[in-house]
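J.: Turn these sequences into a full structure, and let the hints guide you.
Quick note, the sequences are listed as chains A and B, same order. Okay, so the first sequence: first residue is 1 according to my numbering, each after it adds one. Okay, so the second sequence: first residue is 1 according to my numbering, each after it adds one.
Hints listed in this document are in silico derivations from the structure and should not be mistaken for laboratory results. Fair warning: this is a prediction, and the values are worked out from it, not measured in the lab. Quick reminder that beta carbons are idealized off the backbone N, C-alpha and C, glycines included. You may find that some hints are simply not true.
Stated by the list, open to error - Residues from chain A that keep clear of chain B, each with C-beta distances beyond 10 Å, as calculated:
| # | residue |
| --- | --- |
| 1 | G49 |
| 2 | T201 |
| 3 | L216 |
| 4 | G246 |
| 5 | R253 |
As the list claims (entries may be wrong) - The calculated lysine-lysine pairs, modelled on DSS-like cross-linking and capped at a C-alpha distance of 30 Å, are:
| # | chain 1 | residue 1 | chain 2 | residue 2 |
| --- | --- | --- | --- | --- |
| 6 | B | K185 | B | K213 |
| 7 | B | K127 | A | K294 |
| 8 | A | K10 | A | K99 |
| 9 | B | K185 | A | K294 |
| 10 | A | K10 | A | K187 |
| 11 | B | K14 | B | K127 |
| 12 | A | K294 | A | K10 |
| 13 | B | K213 | A | K294 |
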Amino acid sequence: MCGIVGVFYKGEAGEGPVGQVLTRMCDQLFRRGPDSAGVALYGPPLEDGLVVRVDLERPDAEDASADVVAAAGLVTTVQGSGRVSRSLRLLVADDADGKLADVIEERVPGVRVFSVGRAMEIVKDLGMACDINERFGLDAFRGTHGIGHTRMATESRVDIAHSHPFWARPFPDIAVVHNGQITNYHKLRRRLEQKGHRFATENDSEAIAVYIADRLEAGGSLDEALRATIDDLDGTFAYLISTAGGIGLARDRFATKPLLYAENDEMVVLASEEISIRAVFPDPALVPRELQAKEVRWWLK
Amino acid sequence: MAEVTAATIDASGKETRDVNRAIRQAAEEGATEIHVRNPAGRHSFGVALTGELHVVLEGPTGWYTGGMNGGPTIVIHGNTGWAVGECMMSGRLEVHGHAGSGTAASIRGGLVYVEGDTGARAGISMKGGALVVGGSVGYMSGFMMQAGTIVVCGDAADGLGDSMYEGTIYVGGEIASLGADAEVKDLIDEDRTLLETTLAEFGIDASSRDFTKVRSGRRLWNFSAREPELWASAL
Numbered sequence: 001m002c003g004i005v006g007v008f009y010k011g012e013a014g015e016g017p018v019g020q021v022l023t024r025m026c027d028q029l030f031r032r033g034p035d036s037a038g039v040a041l042y043g044p045p046l047e048d049g050l051v052v053r054v055d056l057e058r059p060d061a062e063d064a065s066a067d068v069v070a071a072a073g074l075v076t077t078v079q080g081s082g083r084v085s086r087s088l089r090l091l092v093a094d095d096a097d098g099k100l101a102d103v104i105e106e107r108v109p110g111v112r113v114f115s116v117g118r119a120m121e122i123v124k125d126l127g128m129a130c131d132i133n134e135r136f137g138l139d140a141f142r143g144t145h146g147i148g149h150t151r152m153a154t155e156s157r158v159d160i161a162h163s164h165p166f167w168a169r170p171f172p173d174i175a176v177v178h179n180g181q182i183t184n185y186h187k188l189r190r191r192l193e194q195k196g197h198r199f200a201t202e203n204d205s206e207a208i209a210v211y212i213a214d215r216l217e218a219g220g221s222l223d224e225a226l227r228a229t230i231d232d233l234d235g236t237f238a239y240l241i242s243t244a245g246g247i248g249l250a251r252d253r254f255a256t257k258p259l260l261y262a263e264n265d266e267m268v269v270l271a272s273e274e275i276s277i278r279a280v281f282p283d284p285a286l287v288p289r290e291l292q293a294k295e296v297r298w299w300l301k
Numbered sequence: 001m002a003e004v005t006a007a008t009i010d011a012s013g014k015e016t017r018d019v020n021r022a023i024r025q026a027a028e029e030g031a032t033e034i035h036v037r038n039p040a041g042r043h044s045f046g047v048a049l050t051g052e053l054h055v056v057l058e059g060p061t062g063w064y065t066g067g068m069n070g071g072p073t074i075v076i077h078g079n080t081g082w083a084v085g086e087c088m089m090s091g092r093l094e095v096h097g098h099a100g101s102g103t104a105a106s107i108r109g110g111l112v113y114v115e116g117d118t119g120a121r122a123g124i125s126m127k128g129g130a131l132v133v134g135g136s137v138g139y140m141s142g143f144m145m146q147a148g149t150i151v152v153c154g155d156a157a158d159g160l161g162d163s164m165y166e167g168t169i170y171v172g173g174e175i176a177s178l179g180a181d182a183e184v185k186d187l188i189d190e191d192r193t194l195l196e197t198t199l200a201e202f203g204i205d206a207s208s209r210d211f212t213k214v215r216s217g218r219r220l221w222n223f224s225a226r227e228p229e230l231w232a233s234a235l
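T.: What follows is the structure, given as structure tokens:
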């Protein structure tokens with residue numbers, strides 16, 4: 001099953017409590033996926049430098065933080081750092097030509113880099129979204145948009161690294177949440193690996209993020225990339241892809257997985273089920289619509 | 001006429017099964033019209049009910065609303081999710097909003113009316129009864145339909161009536177494409193009368209639309225090695 005959610009505040013100045021909204025929406029979908037939950041949140045984009053989210057999957061979190069800061073310092077300038085529970089947030093000057101995440105993980109065993117971007121921060125963990133919100137203090141996070149996921153594992157392990165959202169590593173600011181199974185995953189992954197891309201996990205959903213990032217890097221538009229997935233991805237899918245600019249989505253040709261969107265002048269809300277939207281946005285004027293088979297949509301700043 | 005006794009149940013803060021129990025209990029205590037407030041998109045309200053009962057859901061509901069019913073009238077004021085009215089035996093279900101995928105899945109009788117659009121596979125495997133949609137239906141609606149009637153006032157997405165055995169689908173708008181073995185048939189006077197009487201009830205003038213009638217071509221009823229293409233395209 002799995003549940004996916006998203007929120008996008010329209011307009012240049014549009015922003016809201018994305019951390020609180022997305023985790024509350026995820027909670028309503030916990031029956032669709034009780035294994036793990038996570039969010040990719042987009043704060044105000046940094047003018048200079050990047051924000052990095054690292055999961056310190058080690059009991060000695062304090063030492064691990066220092067090790068990560070030291071490792072990052074080998075390839076870039078670390079401008080700041082802060083830790084909440086196992087989630088370490090770094091501000092760095094640059095990503096060392098896309099190598100920053102690799103350097104950190106090679107130097108500090110047991111830690112994982114979840115995201116790098118000007119605006120994007122990925123936080124995920126096992127269990128319910130409300131607990132994750134509390135553990136990592138996500139209520140305080142305000143931003144322009146974001147996506148979230150609550151997972152029922154079918155294709156790969158139940159662990160934090162295989163939880164959603166997946167960062168399109170090493171491309172800054174791109175992440176995916178996916179409900180479904182990509183049945184041509186191995187073929188797709190091989191094709192992307194032949195182009196020089198690398199994968200951080202064994203999860204099929206990660207390939208969607210890398211596939212789209214690859215197309216965007218080649219100069220294609222988000223619309224083109226989304227449309228291409230309808231034919232190039234086999235299997236069942238409803239997914240949300242987020243970039244620094246906004247959110248895109250696509251639904252497979254058989255309309256196997258549910259996905260709704262509701263839109264007004266201020267915002268767009270997306271969810272697998274209406275229950276998730278209603279819990280946070282009870283306004284009856286915000287009427288959700290189910291996407292049709294092969295439908296593609298996007299909202300960009 | 002029997003006296004209408006009303007009861008109101010507030011769903012907020014209650015478990016789904018407690019709301020359904022309260023509906024049943026109100027019915028047992030003689031209520032004939034039961035209102036459920038604040039359904040808030042939650043699943044499985046108003047299921048497995050029998051008898052002459054009128055249940056009004058005052059807001060959007062989630063999946064499986066009004067499923068497995070025999071007799072009652074269920075009215076939803078808002079959207080509803082997947083598989084609304086699934087396996088209904090008899091009675092009536094009205095959605096004053098849009099419906100999700102699998103609308104009226106496998107119903108054996110009764111009437112399901114959706115004022116707006118439905119998602120994919122509306123009327124999948126219908127075994128009787130009628131589905132009336134004021135708007136458009138999604139991908140592969142009427143899939144493996146075995147009996148009954150589907151009336152769509154708007155458009156139908158790809159694969160309409162795929163592998164249908166029996167039953168009739170009427171579409172007032174455009175059909176994106178027909179599914180395997182679904183065929184367009186000529187509309188006769190009986191069809192027009194049926195459409196007029198069925199739609200008049202919902203304030204829709206059947207003559208304002210040019211309905212297309214779709215039925216099974218019956219070529220999938222028995223396997224034929226002479227039609228490999230047809231069989232290759234059937235799911």
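J.: Next, verify each hint and record whether it holds.
T.: Hint-by-hint comparison with the structure:
1. With a least CB separation of 41 Å from chain B, A:G49 remains clear of the 10 Å interface cut-off, as annotated.
2. No Cβ of chain B approaches the Cβ of A:T201 within 10 Å, the least distance being about 30 Å, so the stated non-interface status holds.
3. Once the 10 Å rule is applied to beta carbons, A:L216 is consistent with being away from chain B; the minimum gap is 28 Å.
4. Non-interface call for A:G246 relative to chain B: holds, since the shortest CB-CB distance, roughly 25 Å, exceeds 10 Å.
5. Its closest Cβ contact with chain B, about 8 Å, brings A:R253 to no more than 10 Å, contrary to its assignment away from the interface.
6. For the hint pairing B:K185 with B:K213, the CA-to-CA distance comes to about 5 Å; that is within 30 Å, so the pair holds.
7. With a C-alpha separation of about 28 Å, the suggested pairing of B:K127 with A:K294 holds against the 30 Å cut-off.
8. The hinted pair formed by A:K10 and A:K99 fails the criterion: a straight-line CA distance of about 33 Å is larger than 30 Å.
9. Distance check on the hinted pair: B:K185 and A:K294 sit about 28 Å apart at the alpha-carbon level, within 30 Å; holds.
10. Pair hint A:K10 plus A:K187 does not hold up; C-alpha atoms about 37 Å apart against a cutoff of 30 Å.
11. In summary, the hint linking B:K14 to B:K127 is not supported, as the alpha carbons are separated by about 34 Å, beyond the 30 Å threshold.
12. Between A:K294 and A:K10, the direct Cα distance comes to roughly 25 Å. Compliance with the 30 Å bound is thereby established for this hinted pair.
13. This hinted pair checks out: B:K213 and A:K294 have alpha carbons roughly 26 Å apart, not beyond 30 Å.
Violated hints, listed in ascending order, are 5, 8, 10, 11; each of the other numbered hints is respected by the structure.
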